[in-house]
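Trainee: Below are the chains, spelled out letter by letter.
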Amino acid sequence: MSVTTQGSLGNAAVKTDQAAYAAIARAKRRDIIFSVGGLVVMAIAMTLLLTLIGDLVVRGLGRIDYDFLTNFPSRKAERAGILSAWVGSLLVMLVTALLAIPIGVAAGLYLEEYARKGWLANLIEINVANLAGVPSIIYGLLAVGMFVYGMNLGKTVLVAGMTLALLILPIVIVSTREAVRAIPKIIKEGAYGLGADQWQVMWNYILPAARPGILTGAIVGLSRAIGETAPIITIGALTFIAFLPPAPITGEFPFINFDWLNAPFTVLPIQMFNWVSRPQADFHTNAAATGVVLMALTLSLNGVAIWIRYRLRKGSRN
Amino acid sequence: MTNSAIPTGSELIKSGFVKRRRMIAGIMRVFLFLSAALSIFVTTAIVYILLRDSWPFFMQIPLTDFLFGTMWTPVFADPQFGVLPLLLATLQTAGLAMLIAIPFGLTMAIYLSEYAKPAVREVIKPALEMLEAVPTVVYGYFALLVMTPFLQQFVPGLKGINLLVPGIILGIMILPYVVSVSEDAMRAVPNGLREGAYALGMAKWQVAVKVVIPGAFSGITAAFILGMSRAVGETMVLAIAAGQNPNLTWDPREGAATITAYIVQMSLGDVAHGSLAYQTIFAVGLLLFLITLFFNVVGFYLRRKFREVY
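If you read the protein sequences in the order shown, they are chains S and C. Under the numbering used here, think of the first position of the first sequence as 1, with each following residue one higher. Under the numbering used here, think of the first position of the second sequence as 1001, with each following residue one higher.
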């Protein structure tokens, strides 16, 4: 500020004092305006979102009952339910988790612990960063071209699970890398010093120590996958499914059945999209109810992830 | 190996233990490498599939007709393949989203990084993260059934299906992401710079505006560019609330199909594999991929540059 540089003697000094006080008062006022402005903007955004979510809950919560959860979709809004949708979501998530978590953790571990600095590691890193930004619908197109028609797998639970696994892979990779990077070097060096080879160190020391961080990333990824609609639409999942895929566990030998992987299916967000796009208000209520179920699922998954991270941070502080 | 004694080295070698361990370590090394290399494969596969399946389309339709044509009527008797209506709607909604996200996002990020007490931040950051997880189809529901009827009371001529509301909702949707990335950038500005500015007698807002924002500028820009990329590629909100009719318009009160909404619309119908309609999906998909790739590369570069500075 110019006033502070004019510090000369006599009357001028008194004058600059006053000017300086005025400048300070002005700066303080602006500070208050800034912080209040920040709070107001925050409050507006939060209120808007809470209103929207509240509206959804008010409209949808009353519709959720035992019948809604155990009925198939129907042409009559009051008899329609989300049984095939939530079972489908569950099965697709199972496939996604079984694929994305091992592969994502392995890739993250490689980039952090195995890869030497060089063009290859750099290339992989750029690819991961880029894949995180590719719109989900493009993954849908990839799945149509590669899985559905290229490999002739059809529009099945397996294809949807694989597509969503590719989609959340970057999330799992990034969180694994962060978790592994945070582990103190001493742990690794101690294990090597005792004669463990690289994989033994990874399996017995690095992975267990990184488990909470990895878990957080996996849960956040799955909560993203569970609400993802666009790629599932592009692979052409049917929206009217009034039957369940065959059960994965059977009463007869060998007790495990893989037919469900090849079954047609629907998932919760598709069901919601289907009901939102209909003109009748009754179906909109159904959509709201499905939305409540979906929000409850994703928010509780995220809540668990945040809680794990909170515990992790508290643990490391002690 | 006896129970009591620790096996000696030669015993371990003889029993094949060392060999086995080496094999396992080698196999795992290969598996880890393949997992990491999968990302290269996926990127290549995306480019390959988009090119392969849109190639026949570009063989039939001249590129200039595609890029500069003003009519998009691929399933009409007299089909026109000008992508401008879809592109304009896409950029218009993304632009509206940025109009919301930039001022709100910047204010919130400054507040969180410079003004908010740690306790406040500890509450707001996870809350923002939770909001990032709200499924997009739910936002689509908000746009079509809550926000549009509400805004119709105030905005004359607002149609039931329009570009304005999805634009606003999109802005709110990318807000958490934009805030968290730009706040990270602001917090990464070294404290020494802040302390130096305070020592020179600057007030908090001056530090924020004259030190932190210029210092984190490339990081903040990256946040907005990556947010823009998300807005361009977002699908469900637009498929639900912006309509499915290609419509070349500058008026956000009207509905118009975006690139993503068109892909959804065609996927919902039964499109024969290999038909021209099937190829149009991949043609516009390729365009969408290139646009988002451009934003992502710029954003990635800016973020990396920012990290190098500090």
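Honestly, the hints are just simulated from the structure, not real lab data. Some hints here could point you the wrong way.
Claimed, not checked - In silico DSSO-like cross-links for lysine-lysine, where the CA-CA straight-line distance does not exceed 27 Å: (1) K188/S with K1125/C; (2) K1125/C with K1019/C; (3) K117/S with K1210/C.
Claimed, not checked - In silico negatives: residues of chain S with every beta carbon more than 10 Å from chain C: (4) A22; (5) L48; (6) L56; (7) E78; (8) A115; (9) G118; (10) I124; (11) P135; (12) L153; (13) R224; (14) G236.
Every residue, glycine too, gets a C-beta built ideally from N, C-alpha and C.
Trainee: The structure should be examined with respect to each hint, and the outcome stated for every one.
Mentor: Do the hints match the structure? See the list:
Simply put, K188/S and K1125/C have alpha-carbon atoms about 32 Å apart, too far for the 27 Å limit, and the pair is violated. Straight-line distance between C-alpha atoms of K1125/C and K1019/C comes to about 50 Å, which puts the hinted pair past the 27 Å bound. Pair hint K117/S plus K1210/C does not hold up; C-alpha atoms about 37 Å apart against a cutoff of 27 Å. No Cβ of chain C comes within 10 Å of the Cβ of A22/S; the nearest lies about 13 Å off, and the non-interface call holds.
For L48/S, the non-interface assignment is contradicted: its Cβ lies about 7 Å from the closest Cβ of chain C, within the 10 Å cut-off. A Cβ of chain C approaches the Cβ of L56/S within 10 Å, the least distance being about 7 Å, so the stated non-interface status is violated. With 10 Å as the threshold on Cβ separation, the claim that E78/S sits away from chain C holds: the shortest Cβ distance comes to roughly 19 Å. Interface exclusion of A115/S from chain C breaks down, the closest Cβ pair being 7 Å apart, not more than 10 Å.
Separation of G118/S from chain C is adequate, the least Cβ-Cβ distance of about 13 Å exceeding the 10 Å criterion. With a cut of 10 Å on Cβ distances, I124/S falls inside the contact zone with chain C, its closest approach being about 5 Å. Residue placement check: P135/S does not keep its beta carbon more than 10 Å from all beta carbons of chain C (closest about 3 Å). With a cut of 10 Å on Cβ distances, L153/S stays outside the contact zone with chain C, its closest approach being about 13 Å.
Distance to chain C contradicts R224/S as a non-interface residue, since its nearest Cβ pair spans about 7 Å, not more than 10 Å. Consistency note on G236/S: stated as away from chain C, yet its beta-carbon is not over 10 Å from all of that chain's, at 6 Å minimum.
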